[in-house]
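Peer 1: Residues 0 to 228 (numbering that gives the first Met the number 0) make up the sequence shown, in order.
Worth double-checking, as some hints may not be accurate.
[Said to hold, decoys possible] When the alpha-carbon atoms are kept at most 25 Å apart in a straight line, the in silico DMTMM-like pairs for lysine to aspartate or glutamate are as follows:
| # | residue 1 | residue 2 |
| --- | --- | --- |
| 1 | Lys-101 | Glu-91 |
| 2 | Lys-101 | Glu-125 |
| 3 | Lys-101 | Asp-190 |
| 4 | Lys-101 | Asp-77 |
| 5 | Lys-178 | Glu-110 |
| 6 | Lys-101 | Glu-76 |
| 7 | Lys-101 | Asp-151 |
| 8 | Lys-21 | Glu-91 |
[What the hints assert, rightly or not] Here are the simulated distance ranges between beta carbons:
| # | residue 1 | residue 2 | range |
| --- | --- | --- | --- |
| 9 | Gly-163 | Gln-133 | 17 to 27 Å |
| 10 | Phe-11 | Phe-80 | 42 to 52 Å |
| 11 | Phe-80 | Ala-128 | 17 to 27 Å |
| 12 | Ile-90 | Leu-210 | 21 to 31 Å |
| 13 | Phe-18 | Phe-84 | 22 to 32 Å |
| 14 | Gly-163 | Asp-77 | 40 to 50 Å |
| 15 | Val-219 | Gly-163 | 14 to 24 Å |
| 16 | Val-205 | Gln-58 | 29 to 39 Å |
| 17 | Pro-98 | Ala-128 | 35 to 45 Å |
| 18 | Ala-153 | Gly-34 | 16 to 26 Å |
| 19 | Glu-214 | Met-152 | 41 to 51 Å |
| 20 | Ala-153 | Gln-133 | 18 to 28 Å |
| 21 | Glu-91 | Val-219 | 30 to 40 Å |
If you are wondering where the hints come from, they were derived from the structure by calculation, not from laboratory data.
Just so it is clear, CB atoms sit at the ideal spot from N, CA and C, and this is done for glycine as well.
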Amino acid sequence: MSTSAPSMTLRFYGAGGAFSRKYGTTCSGLTLRSGHQWLIDCGRQAPDQLYAAGVSWHQIEGQIVTHVHGDHIFGLEDFAFSRFFHAEHGIESVREGGPRPKLVCHRAVREEVWQTMASAFRYVPEPAAPTSGQLETYFDVIEPVDAEPPADMAWAQAERFSVGGLRLVARDTEHVPGKPSTSLEIRVGEDDDDPRIAWWSGDATVMPELLAQLEPHTTVFFHDCTFTE
Numbered sequence: 000m001s002t003s004a005p006s007m008t009l010r011f012y013g014a015g016g017a018f019s020r021k022y023g024t025t026c027s028g029l030t031l032r033s034g035h036q037w038l039i040d041c042g043r044q045a046p047d048q049l050y051a052a053g054v055s056w057h058q059i060e061g062q063i064v065t066h067v068h069g070d071h072i073f074g075l076e077d078f079a080f081s082r083f084f085h086a087e088h089g090i091e092s093v094r095e096g097g098p099r100p101k102l103v104c105h106r107a108v109r110e111e112v113w114q115t116m117a118s119a120f121r122y123v124p125e126p127a128a129p130t131s132g133q134l135e136t137y138f139d140v141i142e143p144v145d146a147e148p149p150a151d152m153a154w155a156q157a158e159r160f161s162v163g164g165l166r167l168v169a170r171d172t173e174h175v176p177g178k179p180s181t182s183l184e185i186r187v188g189e190d191d192d193d194p195r196i197a198w199w200s201g202d203a204t205v206m207p208e209l210l211a212q213l214e215p216h217t218t219v220f221f222h223d224c225t226f227t228e
């Protein structure tokens with residue numbers, strides 16, 4: 000009798016627009032077949048959303064960031080500082096030698112993450128130099144495996160990542176003109192030869208040509224729409 004492989008699962012902690020109170024700012028949990036849990040974006044309400052769901056920051060393997068706006072990243076400071084200073088669930092704090100959570104995002108997005116969070120992250124306790132903090136102080140920053148060359152922007156059109164069972168492409172898509180912002184093509188097949196993906200729009204506008212190109216090997220589309228309540 001054969002047993003089926005574990006499934007990948009997605010849980011919405013917050014799925015509202017930038018000003019939503021009822022549905023909450025953006026934060027979703029992606030659980031891989033290995034059981035590792037990742038967050039897709041970490042908006043300003045994420046600390047309370049995960050607390051209400053009974054999920055600890057220390058259960059999170061890493062963060063995936065689509066782009067930089069407060070409703071997508073303002074929970075990162077709480078997450079990073081909690082992991083850096085506190086031990087929980089048998090996991091040591093980063094400061095005491097515990098594992099740094101992983102960070103996956105397009106390099107153009109990563110630059111804006113640092114620009115936004117630097118005023119908090121650059122200050123670290125002794126014996127380190129007082130302003131020596133970097134993203135790498137708090138996160139295991141994952142570099143892309145490869146990239147597609149730039150198209151309309153100065154940065155890569157897409158970057159591919161593979162780390163610990165997570166395989167995805169972060170693709171430049173239009174949100175605010177001229178701003179780095181990505182959709183995600185998350186591989187859901189059981190091996191590298193299986194091209195099936197789940198597509199995650201981030202805050203992309205509707206791009207019919209891209210959706211048509213992706214449709215043959217996409218099992219499910221998660222497309223942004225605005226819930227303002």
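Peer 1: Hint by hint, say whether it matches the structure.
Peer 2: Hints and how they fare:
For the proposed pair Lys-101 and Glu-91, the alpha carbon gap of about 15 Å is at most 25 Å, so the pair holds. A threshold of 25 Å between alpha carbons decides the hint, and for Lys-101 with Glu-125 the separation of about 24 Å falls inside it, so the pair holds. Restraint check: the Cα-Cα separation between Lys-101 and Asp-190 comes to about 22 Å, which is no more than 25 Å; the hinted pair holds. Between Lys-101 and Asp-77 the alpha-carbon distance is near 15 Å, which keeps this suggested pair within the 25 Å criterion.
Taking the CA atoms of Lys-178 and Glu-110, the gap is near 12 Å; set against the 25 Å cutoff, the hint holds. A C-alpha spacing of about 14 Å is found between Lys-101 and Glu-76, which places the hinted pair at or below 25 Å, so the restraint holds. Taken as a hint, the Lys-101 and Asp-151 pair is broken in the structure, with Cα atoms around 29 Å apart against an allowance of 25 Å. For the suggested pair Lys-21 and Glu-91, the alpha carbons sit about 35 Å apart, so the restraint of at most 25 Å is broken.
In this structure the supplied range 17 to 27 Å holds for Gly-163 paired with Gln-133, their Cβ-Cβ distance being about 22 Å. Distance hint for Phe-11 and Phe-80: a CB-CB separation of about 25 Å, inconsistent with the stated range 42 to 52 Å. Remark: the range hint 17 to 27 Å for Phe-80 to Ala-128 is upheld by a beta-carbon distance near 18 Å. At roughly 39 Å, the beta carbons of Ile-90 and Leu-210 sit outside the given window of 21 to 31 Å.
One distance hint, 22 to 32 Å for the beta-carbon pair Phe-18 and Phe-84, holds here, with the actual separation near 31 Å. For the hinted restraint 40 to 50 Å between Gly-163 and Asp-77, the CB-CB distance of approximately 23 Å leaves it violated. Range check, Val-219 to Gly-163: Cβ separation about 22 Å, and the 14 to 24 Å hint holds. Take Val-205 and Gln-58: their Cβ atoms lie about 34 Å apart, and the range 29 to 39 Å holds.
Checked against the given bound of 35 to 45 Å, the beta carbons of Pro-98 and Ala-128, roughly 23 Å apart, lie outside it. With their beta carbons about 39 Å apart, Ala-153 and Gly-34 fall outside the hinted range of 16 to 26 Å. Between Glu-214 and Met-152 the beta carbon distance is about 24 Å. The supplied range of 41 to 51 Å is therefore violated. Checked against the given bound of 18 to 28 Å, the beta carbons of Ala-153 and Gln-133, roughly 23 Å apart, stay inside it.
Take Glu-91 and Val-219: their Cβ atoms lie about 37 Å apart, and the range 30 to 40 Å holds.
When held up to the earlier numbered hints, the structure conflicts with 7, 8, 10, 12, 14, 17, 18, 19 and fits the remainder.
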